[in-house]
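S.K.: Read off the chains here:
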Amino acid sequence: MKNYDIVIVGGGPAGLAAAVAAKKAGNDSILILERDKELGGILNQCIHNGFGLHTFKEELTGPEYAWRFIQQVLDLGIEYKLNTMVMDIAPDRTVTAMNKEDGMFQIPAKAVILAMGCRERPRGALNTPGYRPAGIFSAGTAQRLVNIEGYMPGREVVILGSGDIGLIMARRMTLEGAKVKVVAEVMPYSGGLKRNIVQCLDDFGIPLKLSHTVIDIEGKEHIKAVTIAEVGPDRKPIPGTEERYTCDTLLLSVGLIPENELSQKAGVEMSRITNGPVVNESLETNIPGVFACGNVLHVHDLVDYVSEEATRAGANAAAFVADGCKEEKPAHPITLHATDGVRYTVPSTIDTDRMTDQLTVRFRVGAIYKNAFVSIYYGDERVRHVQKRIIAPGEMEQVILLKDDLLKHPDLSDITIKIEQE
Amino acid sequence: MIEKKELTCINCPMGCQLSVELEDGAVKSVTGNTCPRGDAYARTEVINPVRTVTSTCIVADGDKPRVSVKTAAPIPKGKIDAVMKDINAVRAEAPVKIGDVLVKDTAGTGVDVIATRNIEKIA
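Residue numbers (my numbering), protein chains in the order written: chain S, 6 to 427; chain H, 207 to 329.
One or more hints might be untrue.
What the hints assert, rightly or not - One-sided and incomplete, this derived list gives chain H residues near chain S with beta-carbon spacing under 10 Å:
no. : residue
1   : L213
2   : T214
3   : C215
4   : I216
5   : Q223
6   : S235
7   : T258
8   : V259
9   : K285
10  : I293
11  : A295
12  : V296
Just so you know, these hints were derived from the structure itself, not from any lab. Beta carbons: idealized from backbone N, C-alpha and C, even for Gly.
Input sequences plus hints: build the corresponding full structure.
M.R.: Encoded structure:
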């Protein structure tokens, strides 16, 4: 097996953008490993539009957005292997993978980019009572069936969870002739983007019931009905609020989990909040030369941000190789702290020597805040205080830190990002 | 008569909360937008709402059974059902190239339905 400098695990939006960036940064020895039979990842089944406004200044569908990057990968002559499963990543960056043509093979890579994406939270994680009949799908599975395979999962649909894929599928199933009866969301707010609530539910008169969940599933061979009830602030069902909906399909859109089995086996340090790797300013994990980007790092709402993040990871991986794979750790990294409503930040640490002139720090909040302030503290000193009309858990936020500014504070060891009411 | 309408901008994932002031059915002012697209969206959304329709068409002899499609431009919201009827009547044949026109002037909107991915022909 040929050796490569940079092995990219995953050929979805993150892997493609990382590959393009690493190549443009001057590395000519890149291999993408993709387990599906084509490049593009989840974008291939996301046939709706709304992708690419930030990257290409136009609104594209998922397949069109993927194609823009696939074309670059092809034009740049970047190598890739399809139908290939990565089995193991060793701490010394040896990647073990297999496929039908090559069998099992190992590549001792100089840098590895983790771009495995995420998967959907399954029914088993929800503890929903009732039988286990056919007709219960994750929203993404239904999306693949309808959009790629051309099958309709059912005609009378109830959706649990108001994540974006669930909202998109409410519209998609409606357009294909199904009756979507209700979308139930256990939280008092939707985890989906505003525009999806407007365009996918409001447009078709589909009710969204906040603070509601499924408390019973009926049907032994195939699902026949579900019972939905309102929940209190403790998320427990309120007796007397039960409503029964007959249906032949229940779609679950209840969250995405970064797919990090390989990262964990490699010994990558994980964040308990994001379920993704803990990374520094270069999007590098605790293992030198192992970088992470896209939904494997933290679940994004916007593919444009995935591409931007992956571009940085790709360029940084190329720089790591060009620099001779130096494994020394920074003497005095700045630690980023997320407090007071901010759940996490990506990255978690900053080495000012390696940071670019501008560094985008992304984060999510734990509740909805109206007219609150995003504040940045250098130590105890508040250096930024910006009011926002709305900050919501469903929409990723970002702040940009300037290298010049950090260099003016040579003793800085801690930066805190928090939400303040005034 | 002054009327006020609240809506959520759908142009981009920002989802700005827009306030539109109408005077005798004409837009007097738009506030809450953070870019010119928001202003333009609010003006059409209250007078003539439009949507881009995306779906799939059956394709014969392809490496996939369906090809994803979209209306090349947004169409009036009231025409969504008619556009879906056109899309569902299509029987495309592989190969299909991204951008290929699969329905001309769908539902009398003057807008074409085009392919959004490539489908290879299988022997």
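S.K.: Against which earlier hints does the structure fall short, listed by number upward?
M.R.: 6, 9, 11, 12
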